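Read in order, the letters of the sequence shown are residues -1 to 552 in our numbering.
Hints in this document: simulated from the structure, not taken from any laboratory.
The structure displayed is predicted, hence computed values, not measured ones.
Do not rely on the hints blindly, as some may be mistaken.
The list that follows gives simulated cross-link-like pairs (lysine-lysine, BS3-like), each with its CA atoms no further than 30 Å apart [said to hold, decoys possible]:
id, residue 1, residue 2
1, Lys36, Lys544
2, Lys107, Lys184
3, Lys456, Lys237
4, Lys184, Lys456
5, Lys184, Lys237
6, Lys155, Lys107
7, Lys36, Lys237
8, Lys237, Lys373
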Amino acid sequence: PAPTPAPTPAPTPAPTPAPTPAPTPDTDPLYQYQWHLKNTGQNNFAVLAGTAGEDLNVETVTDGGTTGQGVLVAVIDDGLEIAHEDLVDNIVTGSYDFLNSDEDPLYEKNDGSHGNAVAGIIAAKGLNGIGVRGVAYNASLIGYNYLENSTYENQIKSWGTEPPIPVNVDIYNMSYGRGYGGEAEKYTFADYLEASLEDALIYGVENLRGGKGAIYVQSAGNGFNDYPAENSGVNCGTKLTCTSIAIDDNQSVPHIIQVSSLNANGLRSSYSTTGPSVWVAGFGGEYGTMTPAVMTTDDTGCEKGYVGGSTGSPANAFESTDGHPENPNCNYTSTFNGTSAAAPTVAGVIALMLEANPNLTWRAVKHILATTSQKVDLNQTYTQQDTVQYQWTTNAAGYSHHHWYGFGKIDGAAAVSLAQTFNSEDLGSFFTTDYTTPDEIFSIPDEGTVTQTISLTKPENGSGIVEFVRVSFSFTHTIANSVGIRVQSPSGTYIPILQPYTNLASSPSNYTVDIGAAGFYGENMEGVWTVEFRDYVGDSSSGTAKWGIEVYSN
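Please put together the full structure from these sequences, using the hints given.
Now the structure itself:
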(Lines of atoms letter the chains of each structure in order from A and count residues from 1; the text may use other names and numbers.)
(Lines give C-alpha, C1' and ligand atoms only; values in the text may rest on other atoms or scores of the structure.)
Protein backbone atom coordinates (compact mmCIF):
# COMPACT_ATOMS: atom_id res chain seq x y z
CA PRO A 1 0.00 0.00 0.00
CA ALA A 2 1.06 3.60 -0.58
CA PRO A 3 2.67 5.11 2.43
CA THR A 4 0.51 7.30 4.50
CA PRO A 5 1.48 10.86 3.68
CA ALA A 6 2.96 12.82 6.52
CA PRO A 7 0.46 15.19 7.96
CA THR A 8 0.79 18.82 6.96
CA PRO A 9 2.14 20.59 9.99
CA ALA A 10 -0.14 23.18 11.47
CA PRO A 11 1.20 26.70 11.11
CA THR A 12 3.00 27.96 14.16
CA PRO A 13 0.77 30.55 15.75
CA ALA A 14 2.20 34.05 15.89
CA PRO A 15 3.26 34.89 19.40
CA THR A 16 0.93 37.17 21.25
CA PRO A 17 2.76 40.45 21.67
CA ALA A 18 3.53 41.33 25.23
CA PRO A 19 1.29 44.16 26.37
CA THR A 20 2.97 47.50 26.79
CA PRO A 21 3.38 47.85 30.51
CA ALA A 22 1.34 50.61 32.02
CA PRO A 23 3.52 53.31 33.58
CA THR A 24 3.97 52.84 37.28
CA PRO A 25 3.78 55.78 39.64
CA ASP A 26 7.54 55.75 40.22
CA THR A 27 8.50 56.27 36.59
CA ASP A 28 8.36 58.93 33.91
CA PRO A 29 8.04 57.20 30.53
CA LEU A 30 9.89 59.85 28.55
CA TYR A 31 12.72 60.22 31.07
CA GLN A 32 14.71 57.71 29.03
CA TYR A 33 15.07 60.36 26.30
CA GLN A 34 16.04 63.21 28.61
CA TRP A 35 19.77 63.13 27.99
CA HIS A 36 20.28 66.42 29.82
CA LEU A 37 19.30 64.58 33.02
CA LYS A 38 21.09 61.31 32.30
CA ASN A 39 23.05 60.99 29.09
CA THR A 40 23.48 57.34 28.17
CA GLY A 41 24.29 58.12 24.54
CA GLN A 42 20.62 58.18 23.49
CA ASN A 43 19.50 60.13 20.44
CA ASN A 44 16.10 61.44 21.59
CA PHE A 45 14.63 60.59 18.17
CA ALA A 46 17.37 62.42 16.24
CA VAL A 47 19.61 60.63 13.75
CA LEU A 48 22.78 60.94 15.79
CA ALA A 49 23.29 60.17 19.46
CA GLY A 50 24.93 62.22 22.17
CA THR A 51 27.91 61.33 24.35
CA ALA A 52 27.27 59.31 27.49
CA GLY A 53 27.93 61.27 30.66
CA GLU A 54 27.44 64.72 29.16
CA ASP A 55 24.58 65.86 31.36
CA LEU A 56 23.70 67.92 34.43
CA ASN A 57 25.00 65.25 36.83
CA VAL A 58 21.93 65.44 39.07
CA GLU A 59 20.87 61.79 39.26
CA THR A 60 22.65 61.12 42.57
CA VAL A 61 21.22 64.36 43.97
CA THR A 62 17.58 63.57 43.21
CA ASP A 63 18.00 59.88 44.06
CA GLY A 64 19.25 61.10 47.43
CA GLY A 65 16.01 62.96 48.04
CA THR A 66 16.89 66.54 47.02
CA THR A 67 14.27 67.39 44.40
CA GLY A 68 13.60 71.13 44.77
CA GLN A 69 10.94 70.76 47.45
CA GLY A 70 10.01 74.11 48.97
CA VAL A 71 11.63 76.21 46.23
CA LEU A 72 9.47 78.46 44.02
CA VAL A 73 10.49 79.25 40.45
CA ALA A 74 8.80 81.92 38.33
CA VAL A 75 8.81 81.29 34.59
CA ILE A 76 8.83 84.71 32.94
CA ASP A 77 7.93 83.92 29.36
CA ASP A 78 5.06 83.86 26.85
CA GLY A 79 2.73 81.91 29.12
CA LEU A 80 2.19 78.80 31.20
CA GLU A 81 -0.46 76.10 30.91
CA ILE A 82 -1.25 75.69 34.60
CA ALA A 83 -3.51 72.69 33.92
CA HIS A 84 -0.95 70.67 31.92
CA GLU A 85 -0.96 67.06 33.11
CA ASP A 86 2.75 67.03 33.95
CA LEU A 87 2.94 70.53 35.44
CA VAL A 88 -0.30 70.91 37.36
CA ASP A 89 0.90 69.16 40.52
CA ASN A 90 3.74 71.67 40.91
CA ILE A 91 1.73 74.80 40.02
CA VAL A 92 0.96 77.08 42.97
CA THR A 93 -0.93 80.34 43.35
CA GLY A 94 0.79 83.44 42.03
CA SER A 95 0.75 83.25 38.22
CA TYR A 96 -0.44 86.29 36.30
CA ASP A 97 -1.75 87.07 32.81
CA PHE A 98 -0.52 90.50 31.69
CA LEU A 99 -2.85 90.44 28.66
CA ASN A 100 -6.16 89.81 30.39
CA SER A 101 -5.35 90.81 33.98
CA ASP A 102 -6.19 87.45 35.49
CA GLU A 103 -4.34 84.54 37.12
CA ASP A 104 -4.21 82.21 34.11
CA PRO A 105 -1.27 83.09 31.83
CA LEU A 106 -2.19 80.51 29.17
CA TYR A 107 -0.45 81.10 25.84
CA GLU A 108 -3.38 81.67 23.48
CA LYS A 109 -1.74 81.05 20.09
CA ASN A 110 -1.31 77.65 18.45
CA ASP A 111 2.37 77.70 17.54
CA GLY A 112 3.79 76.37 20.78
CA SER A 113 4.16 77.87 24.24
CA HIS A 114 7.81 78.56 24.92
CA GLY A 115 6.95 78.94 28.60
CA ASN A 116 5.42 75.47 28.84
CA ALA A 117 8.61 73.91 27.50
CA VAL A 118 10.77 75.95 29.87
CA ALA A 119 8.61 75.05 32.85
CA GLY A 120 8.83 71.35 32.07
CA ILE A 121 12.63 71.45 32.04
CA ILE A 122 12.67 73.08 35.45
CA ALA A 123 9.97 71.22 37.32
CA ALA A 124 7.78 68.82 35.39
CA LYS A 125 6.42 66.52 38.08
CA GLY A 126 8.64 63.52 38.59
CA LEU A 127 7.81 59.89 39.36
CA ASN A 128 4.13 60.38 38.55
CA GLY A 129 3.86 57.75 35.82
CA ILE A 130 3.43 60.20 32.94
CA GLY A 131 5.53 62.31 30.61
CA VAL A 132 8.89 63.80 31.46
CA ARG A 133 10.80 64.77 34.58
CA GLY A 134 12.01 68.20 35.64
CA VAL A 135 15.50 68.88 36.92
CA ALA A 136 13.97 69.87 40.27
CA TYR A 137 10.82 67.80 39.89
CA ASN A 138 9.24 68.76 43.21
CA ALA A 139 9.89 72.49 42.97
CA SER A 140 6.90 74.82 42.70
CA LEU A 141 6.07 76.88 39.63
CA ILE A 142 4.27 80.07 38.69
CA GLY A 143 4.20 81.78 35.30
CA TYR A 144 4.11 85.31 33.95
CA ASN A 145 3.28 85.90 30.27
CA TYR A 146 5.41 89.04 30.24
CA LEU A 147 6.54 88.44 26.65
CA GLU A 148 2.97 88.91 25.45
CA ASN A 149 2.83 92.42 26.94
CA SER A 150 6.44 93.40 27.48
CA THR A 151 6.35 96.85 29.04
CA TYR A 152 8.92 98.12 31.51
CA GLU A 153 6.23 98.12 34.18
CA ASN A 154 5.38 94.46 33.58
CA GLN A 155 9.05 93.50 33.55
CA ILE A 156 9.56 95.15 36.91
CA LYS A 157 6.53 93.37 38.36
CA SER A 158 7.74 90.06 36.93
CA TRP A 159 11.09 90.54 38.68
CA GLY A 160 9.42 90.76 42.07
CA THR A 161 8.92 94.46 42.68
CA GLU A 162 5.23 94.77 43.58
CA PRO A 163 4.23 91.51 41.85
CA PRO A 164 0.62 91.36 40.62
CA ILE A 165 -0.14 88.55 43.11
CA PRO A 166 1.82 88.58 46.37
CA VAL A 167 4.23 85.65 46.19
CA ASN A 168 7.65 84.70 47.54
CA VAL A 169 9.66 83.65 44.50
CA ASP A 170 13.18 82.20 44.90
CA ILE A 171 14.31 81.92 41.27
CA TYR A 172 13.24 83.86 38.18
CA ASN A 173 13.89 82.13 34.86
CA MET A 174 14.18 84.47 31.88
CA SER A 175 14.54 82.51 28.65
CA TYR A 176 14.44 85.61 26.49
CA GLY A 177 16.54 88.57 25.48
CA ARG A 178 16.96 91.29 22.93
CA GLY A 179 17.56 90.06 19.38
CA TYR A 180 17.65 91.45 15.88
CA GLY A 181 13.92 92.07 15.69
CA GLY A 182 11.88 92.62 12.57
CA GLU A 183 13.80 92.34 9.31
CA ALA A 184 17.02 93.87 10.63
CA GLU A 185 20.05 92.65 8.75
CA LYS A 186 22.58 93.75 11.34
CA TYR A 187 22.44 94.34 15.05
CA THR A 188 23.04 97.46 17.08
CA PHE A 189 24.32 97.59 20.62
CA ALA A 190 21.85 97.87 23.43
CA ASP A 191 21.94 101.16 25.24
CA TYR A 192 22.76 101.03 28.94
CA LEU A 193 20.21 99.21 31.10
CA GLU A 194 17.26 101.47 31.82
CA ALA A 195 17.56 102.80 35.38
CA SER A 196 14.18 101.56 36.57
CA LEU A 197 15.00 98.03 35.43
CA GLU A 198 18.38 98.04 37.14
CA ASP A 199 16.72 99.39 40.27
CA ALA A 200 14.24 96.50 40.15
CA LEU A 201 17.07 93.97 39.98
CA ILE A 202 18.88 95.67 42.86
CA TYR A 203 15.65 95.59 44.86
CA GLY A 204 15.30 91.89 44.11
CA VAL A 205 18.78 90.90 45.26
CA GLU A 206 18.65 93.12 48.34
CA ASN A 207 15.12 92.43 49.58
CA LEU A 208 13.57 89.25 48.21
CA ARG A 209 13.96 85.84 49.87
CA GLY A 210 14.10 87.57 53.24
CA GLY A 211 17.08 89.67 52.21
CA LYS A 212 19.07 86.75 50.79
CA GLY A 213 18.22 87.88 47.27
CA ALA A 214 16.26 86.46 44.38
CA ILE A 215 18.16 84.44 41.79
CA TYR A 216 17.77 85.73 38.22
CA VAL A 217 18.74 83.30 35.44
CA GLN A 218 18.77 84.35 31.78
CA SER A 219 19.59 82.75 28.44
CA ALA A 220 22.64 84.34 26.79
CA GLY A 221 21.12 84.29 23.30
CA ASN A 222 21.12 82.29 20.09
CA GLY A 223 23.04 84.67 17.85
CA PHE A 224 26.36 82.91 17.22
CA ASN A 225 25.31 82.22 13.63
CA ASP A 226 22.36 84.60 13.51
CA TYR A 227 22.76 86.56 10.32
CA PRO A 228 21.07 87.10 6.93
CA ALA A 229 22.52 85.82 3.69
CA GLU A 230 23.84 89.23 2.77
CA ASN A 231 25.50 92.08 4.65
CA SER A 232 26.87 89.75 7.30
CA GLY A 233 30.03 90.26 9.31
CA VAL A 234 32.98 88.14 8.27
CA ASN A 235 32.76 86.20 11.54
CA CYS A 236 29.53 84.56 10.48
CA GLY A 237 30.08 80.89 9.87
CA THR A 238 33.47 80.95 11.60
CA LYS A 239 34.61 80.27 15.15
CA LEU A 240 33.95 83.86 16.14
CA THR A 241 30.46 84.86 17.17
CA CYS A 242 28.39 86.74 14.62
CA THR A 243 26.50 88.68 17.29
CA SER A 244 27.97 90.27 20.40
CA ILE A 245 26.30 89.45 23.69
CA ALA A 246 26.16 93.24 24.14
CA ILE A 247 23.03 93.18 21.97
CA ASP A 248 21.19 92.64 25.29
CA ASP A 249 21.65 95.19 28.06
CA ASN A 250 20.77 92.65 30.79
CA GLN A 251 24.20 91.07 30.33
CA SER A 252 25.94 94.11 31.80
CA VAL A 253 24.93 93.68 35.45
CA PRO A 254 25.99 91.14 38.10
CA HIS A 255 22.48 90.44 39.34
CA ILE A 256 21.60 88.11 36.42
CA ILE A 257 23.27 84.76 35.73
CA GLN A 258 23.89 84.56 31.98
CA VAL A 259 23.70 80.99 30.63
CA SER A 260 25.19 79.65 27.41
CA SER A 261 24.25 76.31 25.87
CA LEU A 262 25.87 72.89 25.49
CA ASN A 263 24.74 70.15 23.13
CA ALA A 264 24.39 66.43 23.87
CA ASN A 265 28.12 65.99 23.24
CA GLY A 266 29.01 68.50 25.95
CA LEU A 267 30.26 71.19 23.54
CA ARG A 268 28.92 74.62 22.59
CA SER A 269 25.57 74.43 20.85
CA SER A 270 25.93 75.77 17.33
CA TYR A 271 23.73 78.81 17.99
CA SER A 272 24.89 79.79 21.50
CA THR A 273 25.86 83.45 21.80
CA THR A 274 29.18 83.89 23.53
CA GLY A 275 30.75 86.70 25.47
CA PRO A 276 32.58 87.87 28.59
CA SER A 277 29.47 88.02 30.79
CA VAL A 278 28.52 84.33 30.38
CA TRP A 279 28.57 82.79 33.88
CA VAL A 280 27.87 79.11 33.29
CA ALA A 281 26.86 76.66 30.57
CA GLY A 282 23.66 74.61 30.78
CA PHE A 283 22.23 72.14 28.27
CA GLY A 284 20.11 73.27 25.31
CA GLY A 285 20.98 70.69 22.67
CA GLU A 286 20.68 71.22 18.93
CA TYR A 287 17.65 70.98 16.58
CA GLY A 288 16.34 67.45 17.09
CA THR A 289 16.59 66.21 13.52
CA MET A 290 20.22 65.23 13.04
CA THR A 291 21.36 65.77 16.63
CA PRO A 292 19.38 65.75 19.88
CA ALA A 293 17.31 68.62 21.20
CA VAL A 294 15.61 68.55 24.62
CA MET A 295 12.55 66.50 25.54
CA THR A 296 10.07 68.52 27.60
CA THR A 297 6.41 69.52 27.99
CA ASP A 298 4.44 70.94 25.05
CA ASP A 299 0.96 72.45 24.86
CA THR A 300 -1.78 69.92 25.52
CA GLY A 301 -3.35 68.35 22.45
CA CYS A 302 -2.55 67.73 18.80
CA GLU A 303 -4.14 70.97 17.57
CA LYS A 304 -1.56 73.35 19.02
CA GLY A 305 1.95 73.46 20.41
CA TYR A 306 5.35 72.70 18.92
CA VAL A 307 3.97 69.36 17.75
CA GLY A 308 0.32 70.08 16.99
CA GLY A 309 0.80 73.61 15.73
CA SER A 310 3.52 72.70 13.26
CA THR A 311 2.65 73.11 9.57
CA GLY A 312 5.88 71.74 8.11
CA SER A 313 7.43 68.30 8.03
CA PRO A 314 8.05 66.91 11.52
CA ALA A 315 11.64 67.24 12.71
CA ASN A 316 11.54 63.59 13.74
CA ALA A 317 9.07 60.74 14.28
CA PHE A 318 8.13 61.85 17.79
CA GLU A 319 6.85 65.19 16.46
CA SER A 320 4.08 63.67 14.35
CA THR A 321 0.90 65.74 14.43
CA ASP A 322 -1.02 62.46 14.34
CA GLY A 323 0.48 61.54 17.69
CA HIS A 324 3.42 59.24 18.21
CA PRO A 325 2.73 56.01 20.17
CA GLU A 326 4.73 57.47 23.06
CA ASN A 327 3.10 60.88 22.63
CA PRO A 328 -0.47 60.08 21.54
CA ASN A 329 -1.92 63.39 22.75
CA CYS A 330 1.02 65.52 21.58
CA ASN A 331 1.60 66.82 25.12
CA TYR A 332 5.40 66.65 24.85
CA THR A 333 8.06 67.72 22.38
CA SER A 334 11.52 66.40 21.62
CA THR A 335 12.74 69.47 19.73
CA PHE A 336 12.99 72.27 22.29
CA ASN A 337 16.39 73.90 22.21
CA GLY A 338 18.34 77.14 22.47
CA THR A 339 19.84 78.95 25.39
CA SER A 340 16.13 79.15 26.21
CA ALA A 341 16.43 75.47 27.15
CA ALA A 342 19.84 75.82 28.77
CA ALA A 343 18.77 78.53 31.24
CA PRO A 344 16.04 76.40 32.89
CA THR A 345 18.48 73.51 33.31
CA VAL A 346 20.58 75.88 35.40
CA ALA A 347 17.51 77.24 37.22
CA GLY A 348 16.59 73.66 38.07
CA VAL A 349 20.03 72.95 39.53
CA ILE A 350 19.83 76.15 41.57
CA ALA A 351 16.47 74.98 42.94
CA LEU A 352 18.23 71.82 44.14
CA MET A 353 20.94 73.96 45.73
CA LEU A 354 18.38 76.09 47.56
CA GLU A 355 16.59 73.06 48.94
CA ALA A 356 19.95 71.76 50.17
CA ASN A 357 20.70 75.11 51.80
CA PRO A 358 17.87 77.68 51.91
CA ASN A 359 20.23 80.24 53.47
CA LEU A 360 22.29 80.70 50.32
CA THR A 361 22.37 84.28 49.11
CA TRP A 362 22.24 85.21 45.44
CA ARG A 363 25.98 85.88 45.55
CA ALA A 364 26.65 82.52 47.19
CA VAL A 365 24.80 80.78 44.37
CA LYS A 366 26.97 82.54 41.79
CA HIS A 367 30.12 81.75 43.77
CA ILE A 368 29.26 78.06 44.01
CA LEU A 369 28.58 77.87 40.27
CA ALA A 370 31.89 79.61 39.51
CA THR A 371 33.70 77.24 41.87
CA THR A 372 32.17 73.89 40.91
CA SER A 373 31.49 74.13 37.17
CA GLN A 374 33.68 71.98 34.93
CA LYS A 375 36.01 73.10 32.15
CA VAL A 376 35.17 71.53 28.78
CA ASP A 377 36.57 71.80 25.26
CA LEU A 378 39.96 72.59 26.75
CA ASN A 379 41.77 73.45 23.53
CA GLN A 380 39.12 75.77 22.17
CA THR A 381 41.03 78.95 21.39
CA TYR A 382 40.98 81.45 18.55
CA THR A 383 43.45 84.12 17.52
CA GLN A 384 42.63 86.90 15.07
CA GLN A 385 45.52 88.97 13.71
CA ASP A 386 47.86 87.94 16.53
CA THR A 387 45.30 88.74 19.26
CA VAL A 388 43.63 85.97 21.25
CA GLN A 389 39.87 86.48 21.00
CA TYR A 390 38.91 83.67 23.35
CA GLN A 391 40.48 80.80 25.25
CA TRP A 392 40.30 79.28 28.70
CA THR A 393 41.84 82.10 30.73
CA THR A 394 42.86 81.35 34.31
CA ASN A 395 42.96 84.59 36.27
CA ALA A 396 45.17 85.57 39.19
CA ALA A 397 42.66 84.17 41.68
CA GLY A 398 42.68 80.74 40.00
CA TYR A 399 39.26 80.95 38.31
CA SER A 400 39.11 79.80 34.70
CA HIS A 401 36.67 81.46 32.31
CA HIS A 402 35.83 81.07 28.61
CA HIS A 403 33.58 83.26 26.45
CA TRP A 404 31.76 80.16 25.21
CA TYR A 405 31.24 78.41 28.54
CA GLY A 406 31.59 80.95 31.34
CA PHE A 407 33.16 79.18 34.32
CA GLY A 408 32.24 75.87 32.69
CA LYS A 409 29.65 73.15 32.37
CA ILE A 410 27.31 73.13 35.33
CA ASP A 411 27.86 70.17 37.67
CA GLY A 412 24.71 69.55 39.69
CA ALA A 413 26.18 67.10 42.18
CA ALA A 414 29.21 69.26 42.91
CA ALA A 415 27.10 72.42 43.22
CA VAL A 416 24.65 70.83 45.65
CA SER A 417 27.46 69.25 47.65
CA LEU A 418 29.18 72.60 48.18
CA ALA A 419 25.86 74.33 48.79
CA GLN A 420 25.09 72.04 51.73
CA THR A 421 27.94 73.42 53.82
CA PHE A 422 28.56 76.85 52.34
CA ASN A 423 28.29 79.85 54.63
CA SER A 424 27.14 82.87 52.63
CA GLU A 425 28.64 85.23 55.20
CA ASP A 426 32.09 84.12 54.06
CA LEU A 427 31.65 86.36 51.01
CA GLY A 428 31.41 89.50 53.12
CA SER A 429 29.48 92.61 52.13
CA PHE A 430 28.74 93.62 48.57
CA PHE A 431 30.14 96.90 47.24
CA THR A 432 29.74 98.82 44.01
CA THR A 433 32.38 101.35 43.05
CA ASP A 434 31.30 104.64 41.62
CA TYR A 435 31.47 104.72 37.85
CA THR A 436 34.98 105.91 37.04
CA THR A 437 36.00 107.44 33.73
CA PRO A 438 38.81 109.69 32.47
CA ASP A 439 36.02 111.48 30.62
CA GLU A 440 38.46 111.90 27.77
CA ILE A 441 37.89 111.31 24.08
CA PHE A 442 40.91 109.67 22.47
CA SER A 443 41.81 108.55 18.97
CA ILE A 444 41.88 105.00 17.59
CA PRO A 445 44.62 104.95 14.94
CA ASP A 446 43.93 103.33 11.59
CA GLU A 447 44.88 99.65 11.85
CA GLY A 448 46.45 100.47 15.19
CA THR A 449 46.01 100.14 18.93
CA VAL A 450 45.50 102.66 21.71
CA THR A 451 45.41 102.04 25.48
CA GLN A 452 43.97 104.09 28.33
CA THR A 453 44.20 103.49 32.09
CA ILE A 454 42.16 104.07 35.23
CA SER A 455 43.37 103.57 38.82
CA LEU A 456 40.93 102.15 41.34
CA THR A 457 41.08 101.65 45.10
CA LYS A 458 39.15 99.12 47.13
CA PRO A 459 36.08 100.13 49.18
CA GLU A 460 36.88 101.57 52.60
CA ASN A 461 35.36 98.63 54.49
CA GLY A 462 35.79 95.94 51.87
CA SER A 463 38.39 93.45 50.79
CA GLY A 464 38.37 94.62 47.18
CA ILE A 465 37.83 91.13 45.77
CA VAL A 466 36.18 91.37 42.35
CA GLU A 467 32.79 89.75 41.76
CA PHE A 468 31.91 91.39 38.42
CA VAL A 469 33.14 94.21 36.22
CA ARG A 470 31.10 96.50 34.01
CA VAL A 471 32.95 98.33 31.26
CA SER A 472 31.31 101.25 29.47
CA PHE A 473 32.37 102.72 26.17
CA SER A 474 31.38 104.64 23.09
CA PHE A 475 33.28 104.99 19.85
CA THR A 476 33.00 106.34 16.34
CA HIS A 477 34.41 104.57 13.30
CA THR A 478 33.36 104.34 9.66
CA ILE A 479 33.66 100.54 9.83
CA ALA A 480 32.10 99.78 13.19
CA ASN A 481 32.90 96.07 13.24
CA SER A 482 36.60 96.65 12.69
CA VAL A 483 36.98 97.68 16.34
CA GLY A 484 37.92 95.21 19.07
CA ILE A 485 38.28 95.97 22.78
CA ARG A 486 40.25 94.23 25.54
CA VAL A 487 40.50 95.01 29.24
CA GLN A 488 43.42 94.18 31.55
CA SER A 489 43.08 93.96 35.32
CA PRO A 490 45.72 95.17 37.81
CA SER A 491 46.74 91.51 38.18
CA GLY A 492 47.54 91.27 34.48
CA THR A 493 44.55 89.23 33.24
CA TYR A 494 43.44 90.19 29.72
CA ILE A 495 39.80 89.69 28.70
CA PRO A 496 38.46 90.63 25.25
CA ILE A 497 35.09 92.29 25.76
CA LEU A 498 34.32 93.12 22.13
CA GLN A 499 35.43 90.97 19.23
CA PRO A 500 35.93 92.46 15.77
CA TYR A 501 34.17 91.42 12.57
CA THR A 502 30.77 90.80 14.09
CA ASN A 503 27.53 91.73 12.33
CA LEU A 504 27.52 95.18 13.93
CA ALA A 505 25.53 97.81 12.05
CA SER A 506 27.00 101.05 13.33
CA SER A 507 29.21 102.65 15.92
CA PRO A 508 27.81 103.59 19.32
CA SER A 509 28.85 107.18 18.78
CA ASN A 510 26.04 109.00 20.54
CA TYR A 511 25.30 106.62 23.40
CA THR A 512 27.15 104.47 25.93
CA VAL A 513 27.39 100.69 25.73
CA ASP A 514 27.87 98.56 28.86
CA ILE A 515 29.45 95.11 28.72
CA GLY A 516 29.79 92.85 31.74
CA ALA A 517 32.90 90.75 32.39
CA ALA A 518 32.81 87.71 34.67
CA GLY A 519 36.35 86.44 34.20
CA PHE A 520 38.04 88.76 36.71
CA TYR A 521 36.15 87.00 39.53
CA GLY A 522 38.19 86.71 42.73
CA GLU A 523 40.99 89.07 41.72
CA ASN A 524 42.07 92.19 43.59
CA MET A 525 40.43 95.28 42.14
CA GLU A 526 42.98 97.76 43.46
CA GLY A 527 45.44 99.18 40.99
CA VAL A 528 45.57 100.15 37.34
CA TRP A 529 42.92 98.91 34.90
CA THR A 530 43.77 99.20 31.21
CA VAL A 531 41.51 99.28 28.18
CA GLU A 532 42.81 98.59 24.67
CA PHE A 533 40.94 99.67 21.53
CA ARG A 534 42.23 98.16 18.29
CA ASP A 535 41.28 98.89 14.70
CA TYR A 536 41.67 95.60 12.81
CA VAL A 537 41.10 97.01 9.32
CA GLY A 538 43.40 99.34 7.41
CA ASP A 539 41.07 101.62 5.48
CA SER A 540 42.75 105.00 5.87
CA SER A 541 40.25 106.00 8.54
CA SER A 542 40.64 106.37 12.27
CA GLY A 543 38.13 106.63 15.08
CA THR A 544 37.54 108.13 18.49
CA ALA A 545 36.47 106.54 21.77
CA LYS A 546 35.92 107.03 25.47
CA TRP A 547 35.43 104.54 28.31
CA GLY A 548 34.74 103.99 31.99
CA ILE A 549 34.55 101.16 34.50
CA GLU A 550 32.46 100.00 37.47
CA VAL A 551 33.60 97.16 39.74
CA TYR A 552 31.38 95.06 41.99
CA SER A 553 33.34 93.57 44.87
CA ASN A 554 33.28 92.36 48.45
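Does Lys237 pair with Lys373 here, judged by a C-alpha cut-off of 30 Å? Holds - the C-alpha atoms of Lys373 and Lys237 are around 19 Å apart, at most 30 Å.
For the pair we were handed, Lys184 and Lys456, check the Cα-Cα distance against 30 Å. Violated, at roughly 40 Å.
Would you mind confirming whether the straight-line C-alpha gap from Lys155 to Lys107 stays at or under 30 Å? It holds: about 24 Å lies between the C-alpha atoms, which stays within 30 Å.
Run the distance test for Lys36 versus Lys544: straight-line Cα separation, threshold 30 Å. violated, 49 Å
Hint check: Lys107 vs Lys184, CA-CA at most 30 Å. Holds or violated? holds, 29 Å
Decide if the proposed pair is consistent with the structure: Lys184 and Lys237, CA atoms, cutoff 30 Å inclusive. holds, 18 Å
Can you confirm whether the C-alpha distance between Lys456 and Lys237 stays at or below 30 Å? violated, 37 Å
For a C-alpha distance cap of 30 Å, please report whether Lys36 and Lys237 respect it. holds, 29 Å
In the structure shown, a violation is registered for the earlier hints numbered 1, 3 and 4, in ascending order.
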